[in-house]
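Q: What follows is the residue order along each chain.
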Amino acid sequence: MTTAIELRGVGKRFTKYVDTPMLVTAAARFRPRTRRDKLWAIRGVDLEVEDGESVGIIGRNGSGKSTLMTMIGGITAPTEGSVKVWGRVAPLISVGVGFHKELTGRENVYVNGSILGLTRKQIDSRLEAIIDFAEVEEFIDTPVKFYSSGMYVRLGFSVAVHSEPDVLLVDEVLAVGDIGFQVKCFERMQEVRARGTTIVMVSHNLGAIQRMCERVLFVNDGTPQLVASPDEAISAFHRLMSTSTETVVDAGSGKRMEPGVVRIDDIELIGKGGEPTGAVEASDPIVVRVHAHALQDMDDIVVKLLLFGPDGTVVYGDSTADQSLGSVRADSDITCDAAFRATLPTGTYSAMVHLERPDLRTTLFQSSLLSFFVNGRNTVAGQADLEARFTLGSAADRHRHLQSLTNLADGDGRGAGEDVDDLETLFGRTRR
Amino acid sequence: MTVTSITQPDQITRAAPSIDLHGEATPLGRLARETWKARELLVILARKDFHVRYRRAALGVLWALALPLLQSAVMAVIFARVGHIRHVGVNYAALVLTGMAPWTYFNMALASGSTAVVDNTDLSAKVYFPRALLPMTQILTSLYGYVVTLAIVLGLCPLLHTPLTLHTLLVVPGTLLLVSLVCGFVLVFSALHVYFRDVRYLVTAALMLWMYVTPIIYTASDAPGSLRTIIDVNPMTGIVDLFHYATVGHVGAMSLPLAVTAVWTVVLLGAGVALHCRYNRVFADLL
Chain A
1 MTTAIELRGV
11 GKRFTKYVDT
21 PMLVTAAARF
31 RPRTRRDKLW
41 AIRGVDLEVE
51 DGESVGIIGR
61 NGSGKSTLMT
71 MIGGITAPTE
81 GSVKVWGRVA
91 PLISVGVGFH
101 KELTGRENVY
111 VNGSILGLTR
121 KQIDSRLEAI
131 IDFAEVEEFI
141 DTPVKFYSSG
151 MYVRLGFSVA
161 VHSEPDVLLV
171 DEVLAVGDIG
181 FQVKCFERMQ
191 EVRARGTTIV
201 MVSHNLGAIQ
211 RMCERVLFVN
221 DGTPQLVASP
231 DEAISAFHRL
241 MSTSTETVVD
251 AGSGKRMEPG
261 VVRIDDIELI
271 GKGGEPTGAV
281 EASDPIVVRV
291 HAHALQDMDD
301 IVVKLLLFGP
311 DGTVVYGDST
321 ADQSLGSVRA
331 DSDITCDAAF
341 RATLPTGTYS
351 AMVHLERPDL
361 RTTLFQSSLL
371 SFFVNGRNTV
381 AGQADLEARF
391 TLGSAADRHR
401 HLQSLTNLAD
411 GDGRGAGEDV
421 DDLETLFGRT
431 RR
Chain B
1 MTVTSITQPD
11 QITRAAPSID
21 LHGEATPLGR
31 LARETWKARE
41 LLVILARKDF
51 HVRYRRAALG
61 VLWALALPLL
71 QSAVMAVIFA
81 RVGHIRHVGV
91 NYAALVLTGM
101 APWTYFNMAL
111 ASGSTAVVDN
121 TDLSAKVYFP
131 RALLPMTQIL
141 TSLYGYVVTL
151 AIVLGLCPLL
161 HTPLTLHTLL
171 VVPGTLLLVS
181 LVCGFVLVFS
191 ALHVYFRDVR
201 YLVTAALMLW
211 MYVTPIIYTA
221 SDAPGSLRTI
231 IDVNPMTGIV
241 DLFHYATVGH
251 VGAMSLPLAV
261 TAVWTVVLLG
271 AGVALHCRYN
281 RVFADLL
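Heads up: the protein sequence lines correspond to chains A and B, in order. The numbering used here applies: residue 1 is where the first sequence begins, and numbers increase by one. The numbering used here applies: residue 1 is where the second sequence begins, and numbers increase by one.
No lab work stands behind these hints, which were simulated from the structure alone. Each hint should be verified, as a subset may be incorrect.
[Stated by the list, open to error] Straight-line Cα separation of at most 25 Å, DSS-like style, residue types lysine-lysine; simulated pairs:
hint, chain 1, residue 1, chain 2, residue 2
1, A, K101, A, K38
2, A, K38, B, K37
3, A, K84, A, K101
4, A, K145, B, K37
5, A, K16, A, K38
6, A, K304, A, K272
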């Protein structure tokens with residue numbers, strides 16, 4: 001294999017100007033020097049990417065991953081070290097670069113294509129495929145200011161993937177358009193990858209990283225942490241995230257609501273293999289485990305689990321309010337498990353456990369947030385993976401099922417009995 | 001073992017990397033090659049710019065021509081009637097029109113070219129191409145309007161008792177010199193503007209005064225002594241003199257001002273290229 005990208009000791013230092021530099025004041029020596037701060041956005045990156053390899057870069061916001069991408073794309077030069085890339089690079093750092101709203105879709109394809117390094121002839125020959133993929137045939141001669149945002153993004157993405165570069169740099173663009181187009185983009189990316197294009201991608205969508213990449217570079221605070229398999233790197237990332245002080249609630253000790261009763265020392269996620277983990281597969285049986293210490297005797301204690309989705313909403317909440325977990329003795333260590341299946345779409349979730357007093361309905365202790373990643377199924381969208389089973393039958397079958405549902409609703413017992421059997425057969429057949 | 005023996009020679013003979021960065025500066029040869037390779041993009045960007053500039057206007061491209069001509073006409077009328085400009089045996093309207101044609105181009109290309117790198121942040125922060133392309137695009141865009149304006153002005157000359165002669169062909173080298181001078185200016189200013197954001201206002205302000213220290217609506221011999229020094233070092237004096245010489249006849253000193261223009265052009269081009277070599281790859285950091 002030959003090398004496509006070679007980074008040696010790459011570092012980038014940015015200068016932040018406190019005052020806006022002015023030629024007038026500089027010329028008049030009004031102020032001898034503009035006040036400035038210098039900071040390293042990223043430093044010490046060594047990475048070699050082989051031809052045809054897909055490498056992901058993950059890290060928190062501001063960890064330097066996008067800066068690294070701009071250097072691989074040649075948009076900015078490193079302050080130290082060297083960057084070498086062989087072949088034509090197409091940065092998909094944002095779609096539709098150079099699009100102008102007054103120009104028609106067709107004109108913008110030419111501008112955008114040229115910016116991505118295509119010649120006029122190459123664009124001529126690919127124009128049809130580009131328009132086709134973007135699904136904008138009827139509007140191709142309309143100024144893009146009349147486009148919906150979806151059409152705009154589709155056209156931009158289409159030009160980029162049809163530019164057939166040797167190295168494709170992808171930065172968060174897979175999160176564009178509706179779900180149908182996202183699936184299409186993803187498939188197209190897989191094709192591009194299968195054709196032997198080298199891909200470097202930065203994304204917060206760890207599911208996409210896991211599916212697309214062979215190796216992942218994990219950076220934190222401008223320092224490369226490790227280059228490893230996607231599973232290893234994502235897991236390391238989540239270990240960091242779950243111990244991070246930047247999570248919503250103060251980490252470590254959690255929040256003491258009523259002191260002197262119970263204390264939560266730790267919260268962790270146990271994966272399918274019985275080991276603590278930061279990333280799980282969809283539908284894996286997982287356990288949110290809390291290690292606590294009782295300071296008083298308690299006849300009973302209520303455990304409440306809250307699960308927050310990627311957007312911060314509560315995806316699931318449950319508690320033991322209707323059951324008894326038994327008594328707890330003072331000065332003893334207790335472990336509390338909440339086991340469930342991760343029937344969730346791809347994303348980063350946070351779990352939190354509250355310990356409550358059953359009689360007073362007051363929270364005794366609230367754990368810190370435990371962040372983990374679920375690698376969901378490709379086809380799933382929305383808040384939960386309800387694991388729908390799809391079947392296909394003749395129109396007559398369908399009609400009968402519809403009939404039975406109507407009969408049930410009408411309370412027509414006579415016809416329903418037979419059809420209920422049918423429904424049960426249906427569900428029986430489709431149940432996992 | 002077999003695999004390595006196959007790939008090893010391949011690695012040695014393979015082409016040079018397309019991106020090869022160490023340090024912030026770009027070597028001159030490399031920048032020149034990159035710019036040459038991107039010439040098609042330059043034309044496409046210029047065409048885009050031209051479309052965008054005039055598509056929305058009801059009269060379209062006509063505005064590009066009508067405005068400078070109207071401005072020249074107003075100047076000619078006002079200064080001929082109100083101002084006490086001595087006529088040195090030439091048609092005053094022809095003098096103003098032929099002087100205003102290169103000036104209008106200089107004015108437009110310099111104003112838009114100086115801010116081009118910053119104005120196109122959506123391009124320059126997202127993808128790499130030689131940043132010098134952006135000010136150069138403005139030079140090309142303004143050239144469309146200039147060529148048509150010049151053709152109309154030359155067409156009007158015989159009507160203004162200024163017959164065209166073989167000397168008129170001097171507008172061709174005059175235009176080349178003008179474009180080179182503007183190129184030098186915009187390369188320098190576009191680079192400075194990324195760092196010093198007040199360059200935009202300084203250029204606008206300078207252009208307003210600049211026109212009056214260029215012998216467009218008067219001849220150099222009419223100028224008061226106090227302005228003579230400024231007129232003499234003004235790089236536009238030589239070009240306007242040349243355009244006047246090509247049409248209305250010998251009204252300026254010409255050869256010395258042209259030498260001044262040539263020196264300015266060489267120095268500015270040198271400085272502009274040096275600035276772009278040094279900062280080409282790091283402009284994006286400040287955008």
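Q: Which numbered hints does this structure break?
A: Numbers 1, 2, 3 and 4 - these are the hints that the structure violates, sorted from lowest upward.
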